[in-house]
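2 protein chains.
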Amino acid sequence: METSMQPMKENTVFVGNKPVMNYVLAVVTQFNNGAGEVSIKARGKAISRAVDTAEIALNRFLDGISKKEIITSTEVIDTDTGKTNVSSIEIILSAKK
Amino acid sequence: METSMQPMKENTVFVGNKPVMNYVLAVVTQFNNGAGEVSIKARGKAISRAVDTAEIALNRFLDGISKKEIITSTEVIDTDTGKTNVSSIEIILSAKK
Chain A
1 METSMQPMKE
11 NTVFVGNKPV
21 MNYVLAVVTQ
31 FNNGAGEVSI
41 KARGKAISRA
51 VDTAEIALNR
61 FLDGISKKEI
71 ITSTEVIDTD
81 TGKTNVSSIE
91 IILSAKK
Chain B
1 METSMQPMKE
11 NTVFVGNKPV
21 MNYVLAVVTQ
31 FNNGAGEVSI
41 KARGKAISRA
51 VDTAEIALNR
61 FLDGISKKEI
71 ITSTEVIDTD
81 TGKTNVSSIE
91 IILSAKK
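Taken in sequence, the protein lines are chains A and B. Quick note: the first sequence, position 33, residue 33 per UniProt numbering, numbers continuous. Quick note: the second sequence, position 73, residue 73 per UniProt numbering, numbers continuous.
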């Protein structure tokens, strides 16, 4: 993947419709690779799965990591039938200082 | 309603499987009745709807109210087949100081 030109200030996991353990593994892997902070993002119905991802990763796999911030917002999406609003969530996990 | 014997430090709306506008109306009504703080709670798949409830209430109906805190946690539930974990969310809306 070509990401070298785009500096990422944080690692992000986008949660969709796959099984929750896929996303848990992605989060745990990023911390194991040295990330100090991982952001879990989701929209619409995947929001519940994003919360599951954070809870499972923290309770079962990650030591010394905690929830830093949870942000919810509304995004405007273009669809075939016009613009529609969809809720989104961002859960930021961070290594404890 | 008889609430005098039970001191409530905050008003709570539990979000389940009904249409989202039911919960939005419940939140808006509590603020209109003078609540300074309303807590929106949900578990499992209803978590997305709780976020929708907060976003719609704030963006369309409530003036001078903001998100105070968002808390996620894991609850242990007893089922027919044993104990299981379920994620939960609490979104606290508060009148701006």
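Some hints could be false.
[Said to hold, decoys possible] Dumping the calculated SDA-like pairs for lysine to any residue here, alpha-carbon to alpha-carbon at most 20 Å:
#1 B:96 <-> B:64
#2 A:41 <-> B:64
#3 A:83 <-> B:90
#4 A:41 <-> B:96
#5 A:96 <-> A:35
#6 B:45 <-> A:96
#7 B:67 <-> B:85
None of these hints come from the bench; they were simulated from the model. Quick caveat, the model's predicted, so the values are computed rather than measured.
- prompt: Has the given pair, residue 41 of chain A with residue 64 of chain B, been kept, meaning a C-alpha gap of at most 20 Å?
  reply: violated (27 Å)
- request: For the pair supplied as a hint, residue 67 of chain B and residue 85 of chain B, confirm whether the alpha-carbon distance does not exceed 20 Å.
  value: violated (27 Å)
query: Are the Cα atoms of residue 96 of chain A and residue 35 of chain A separated by 20 Å or less?
result: holds (12 Å)
Restraint check for residue 83 of chain A with residue 90 of chain B, where alpha carbons must lie at most 20 Å apart: violated (29 Å)
task: Starting from residue 96 of chain B, check that the Cα of residue 64 of chain B is at most 20 Å away, please.
output: holds (6 Å)
- request: Would you check the hint for residue 45 of chain B and residue 96 of chain A, treating anything up to 20 Å between C-alpha atoms as holding?
  value: Answer violated: residue 45 of chain B to residue 96 of chain A is near 29 Å, above 20 Å.
message: Check whether the Cα positions of residue 41 of chain A and residue 96 of chain B lie no farther apart than 20 Å.
response: With Cα atoms ~27 Å apart, residue 41 of chain A and residue 96 of chain B exceed 20 Å; violated.
Figure legend: structure checked against the earlier numbered hints; hints not met, in rising order: 2, 3, 4, 6 and 7.
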